[in-house]
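> Working from the sequences, and respecting the hints, build out all of it.
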Amino acid sequence: MLNRSQIAAILVIVLAAGAGSWFVLKKKPQADFALFRGQTMGTTWSVRIAGRPRESEALAKIQADIESVLKTVNREMSIYDPESAVSKLNRLEAETAMEVPAALFHVLQFSLELAAMTGGAFDPTVGPLVNLWGFGPDGMMQKTPGTNQIAAARARVGYEKLKLSGANLVHKNRSDVYVDLGAVAKGFGVDAVVEMLAAQGFTNCLVEIGGEVRALGVSIPGRKWRVGVQRPNYSAEPGAELQGVLHLSGMAAATSGDYQNFYVTESGQTLSHIIDPRTAEPVGHSTAGVTVLAPDCMTADGWATALYVLGPENGLPLVEAQPGIEVLFVVREGEKSFREIASSEFSALSDYEPVGLEKSK
Numbered sequence: 250m251l252n253r254s255q256i257a258a259i260l261v262i263v264l265a266a267g268a269g270s271w272f273v274l275k276k277k278p279q280a281d282f283a284l285f286r287g288q289t290m291g292t293t294w295s296v297r298i299a300g301r302p303r304e305s306e307a308l309a310k311i312q313a314d315i316e317s318v319l320k321t322v323n324r325e326m327s328i329y330d331p332e333s334a335v336s337k338l339n340r341l342e343a344e345t346a347m348e349v350p351a352a353l354f355h356v357l358q359f360s361l362e363l364a365a366m367t368g369g370a371f372d373p374t375v376g377p378l379v380n381l382w383g384f385g386p387d388g389m390m391q392k393t394p395g396t397n398q399i400a401a402a403r404a405r406v407g408y409e410k411l412k413l414s415g416a417n418l419v420h421k422n423r424s425d426v427y428v429d430l431g432a433v434a435k436g437f438g439v440d441a442v443v444e445m446l447a448a449q450g451f452t453n454c455l456v457e458i459g460g461e462v463r464a465l466g467v468s469i470p471g472r473k474w475r476v477g478v479q480r481p482n483y484s485a486e487p488g489a490e491l492q493g494v495l496h497l498s499g500m501a502a503a504t505s506g507d508y509q510n511f512y513v514t515e516s517g518q519t520l521s522h523i524i525d526p527r528t529a530e531p532v533g534h535s536t537a538g539v540t541v542l543a544p545d546c547m548t549a550d551g552w553a554t555a556l557y558v559l560g561p562e563n564g565l566p567l568v569e570a571q572p573g574i575e576v577l578f579v580v581r582e583g584e585k586s587f588r589e590i591a592s593s594e595f596s597a598l599s600d601y602e603p604v605g606l607e608k609s610k
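Residue numbers 250 to 610, in my numbering, belong to the letters of the sequence shown in order.
These are computed hints drawn from the structure, not numbers from a lab. Please note that a few of the clues may not be correct.
Said to hold, decoys possible - Pairs of lysine-lysine, DSBU-like flavour, derived with a Cα cap of 30 Å: (1) K412 - K337; (2) K473 - K310; (3) K410 - K320; (4) K320 - K310; (5) K320 - K412; (6) K337 - K410; (7) K337 - K320.
This is the structure in structure tokens:
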């Protein structure tokens, strides 16, 4: 049985020279960049800064600065840290105001706006259901939850149960409301690192956390950063198969899918980690993956989850009404056969190159 600790959550991979075993070099010329790596939020991160190699002391400082930014994000938004700001919020009594860090307030504000815009397909309070179905801090479930268990967890879920007010204050209308920012925290972390690097004068860089990416400038003169979208085969090794290639500059990309973080029950049912807050169950439609383009990575990250829940029929019209957001749905039509459904400007915005596609639309 596969669980979240056994399956990597890398859904988008970077195509770049010398980047390691799961990065793929598509073609020359090789990029000239400094590469930084580490671990955060239960996954890996990488940063590429284009240009000539720098002195070792300067490189060490950049590594330390990146790690400092990511530690701050974890300290505020990780549900796995009992002393994080969000963990303290989750222990807050009903109708008691708590002042939270400005960054956390910003992420909560975005999350509630996205929840309202998508009719609850995205919901930052979905944590009790995520945990119930075996994808939260309690680990893999022993058996499929019963009707009463689902009803009890569902009663704790609902973005309207969380209220924000001036001066970074947060209120809950139930003490057991549980905030889980797993669908946006990586994206926010990417943005935080990008903004730190830009403030230091780095104008050509690519930042990635767990496959969510944001690109500034170019990798080499005249060439945008190339990012591969993982082909959504269950348990495929990251980088072994690509669905397509994006060319990014001045934008972010994030992917959600059912093929990396899942497990198979004893009865043979495949359950994905993405829970539909409206049904209180794992999403069960044929969408295998969703890749979203947006100006910043938090937006791309949140929308990728929301649109995976919605599917192309309901999600595509919503995207077409949102300026600056584009989407690619990859729909499963068999065990290893897929079809693509893209928003009107997705291909043009990213110079998208499909790879090995059997069927397309």
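> Determine for every hint whether it applies to the structure shown.
Now the hints, each set against the structure:
1. For the suggested pair K412 and K337, the alpha carbons sit about 16 Å apart, so the restraint of at most 30 Å is met.
2. Distance check on the hinted pair: K473 and K310 sit about 26 Å apart at the alpha-carbon level, within 30 Å; holds.
3. For the hint pairing K410 with K320, the CA-to-CA distance comes to about 29 Å; that is within 30 Å, so the pair holds.
4. Taking the CA atoms of K320 and K310, the gap is about 15 Å. The hint holds against a cut of 30 Å.
5. For a cut-off of 30 Å, the pair hint linking K320 to K412 stands: about 26 Å separates their Cα positions.
6. Between K337 and K410 the CA atoms are separated by roughly 17 Å; this keeps the pair inside 30 Å, and the hint holds.
7. At most 30 Å may separate the alpha-carbon atoms for a hinted pair to count; K337 and K320 meet this at roughly 17 Å.
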